[in-house]
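Let chain D serve as the given structure and place chain R on it in line with the hints.
Protein chains: 2
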Amino acid sequence: MKVEDASLMTPAAWRERFRTGNWHRPTAGLALGYAQANLVILQRELAYDFLLFCQRNPKPCPILEVTDIGCFEPKVVARGADLRTDLPKYRIFRNGQLVDEPSDIRSYWQDDFVSFLLGCSFTFEGALQAAGIEVRHITQNRNVPMYITNRECQKAGVMQGPLVVSMRPVPASNLVKVVQITSRFPAVHGAPVHIGDPQALGIVDLALPDMGESVDVKAGEIPVFWACGCTSQAVVMAVKPELVITHAPGFMFITDLSDQGLAAF
Amino acid sequence: MKVEDASLMTPAAWRERFRTGNWHRPTAGLALGYAQANLVILQRELAYDFLLFCQRNPKPCPILEVTDIGCFEPKVVARGADLRTDLPKYRIFRNGQLVDEPSDIRSYWQDDFVSFLLGCSFTFEGALQAAGIEVRHITQNRNVPMYITNRECQKAGVMQGPLVVSMRPVPASNLVKVVQITSRFPAVHGAPVHIGDPQALGIVDLALPDMGESVDVKAGEIPVFWACGCTSQAVVMAVKPELVITHAPGFMFITDLSDQGLAAF
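Chains as they are written, first to last, in this note's numbering: chain D, 1 to 265; chain R, 1 to 265.
The set of hints was computed from the structure by calculation and includes no laboratory data.
Every value quoted in this text rests on a predicted model; they were computed, and no experiment measured them.
Copies of the same chain look alike in the list, so a pair counts if it fits in one copy or across any two.
No farther apart than 25 Å at their CA atoms in a straight line, the calculated lysine-lysine pairs in the DSS-like style are these:
#, residue 1, residue 2
1, Lys59, Lys240
2, Lys75, Lys59
3, Lys240, Lys155
4, Lys75, Lys155
5, Lys218, Lys177
6, Lys59, Lys177
Chain D with its partners taken away, still in its complex shape:
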């Protein structure tokens, strides 16, 4: 497939392609203009606590859809899709341990599974770029730097843990615009949780992220922090559930929702 063809492919066409198992790269940049989503699949017995955790912590865990018990079709965000096959790569965790990274989870599927699709920052990064604002880790072709903060999330039942944030450096002259633009997208982490001093979040050294890769912060740039979807995965894993399935990092679910359709205003 040529690159010029790829730019025309719809979300449904991409999901069809992933379904064949014939795709081994991350989904960033695919089906531009359409929202991509984090996936967390867990058993019904944990679903109430996790749903409540997301309700209490909407910035790190913005819910796009929760499927019915045992249902693998995400009827709200991609009618007709199959969550068992339509992502390029998954991660299987047993008792909190990564045990497999398949491209198809039909053999793992259980009737008591509930799937959570959570918003992903690709959407607001696209909006920032469309407004002419550089997103440093994209420019540097790196994974976004992520940090475990000293802020505890609101706990819910057995689910608890610290807030994880991502960081993007922003020139002071663009701070207002960056707050305005990302505020429009509460369904994908929304406005920043903090602007400026990393130590206010308990972050000692920006050059040493807990996950992802560090990026350059230039003179005159202010570090800006957003709640990160990794928060929810860390919280679930801490419970060491019998069986949890997620997308593999960077290999997201491509929805039929347009990025702009997610704007709150």
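Coordinates of chain R only, in the frame set by chain D:
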């Protein structure tokens, strides 16, 4: 107590007063500037379906807080308050039938209760009035007219039913402002769900609301419809749960949240 004293009373002072059982009027107009909330208390076995219903239908069912199982303190919206005593009047439903309207529910409390506090339109009505926009049912000293529509909510487990809306007539010249103002308050039903022709919602006669009271619609005014919190109560009652407790209509829970603090932008 004189009226001028009442206007200075804090939410906590009002809750303290209700706790004595010595208050028999609705809460509209009390503690102006602070958000009031709908209350639905149900058993844990129904809480997942109801929470999911609210997640899937955020316009009629905007969640301000879900308490921990068995906990009667709403830690997010009013730390230190007691949901068993701090509303002036409750309704007790057994198997879907209203059986009591007490001012204190301590004798009904169960360890498996989960309390849902949902946003109330008082907040956006205050914002409309602050912007100089008349709210007709307040001017006419009536209950807001409510209508059962032909739109089905997204079902969740056993919870399903039609969307219920409230209606406020707005002069055409104010429509834009009314959309802008209420869009700022997604936590209290947010933007309208429909502007104009009632028949598009299956409403045959505005003069015959299903609940509440009709209001005058003057020449040049357009009916504007918002999702209504009554939706959730109707949906819960349809299941005829063994035991459900709600606030009595108009006798809301007064939170410590400022109305303006609920604005999304």
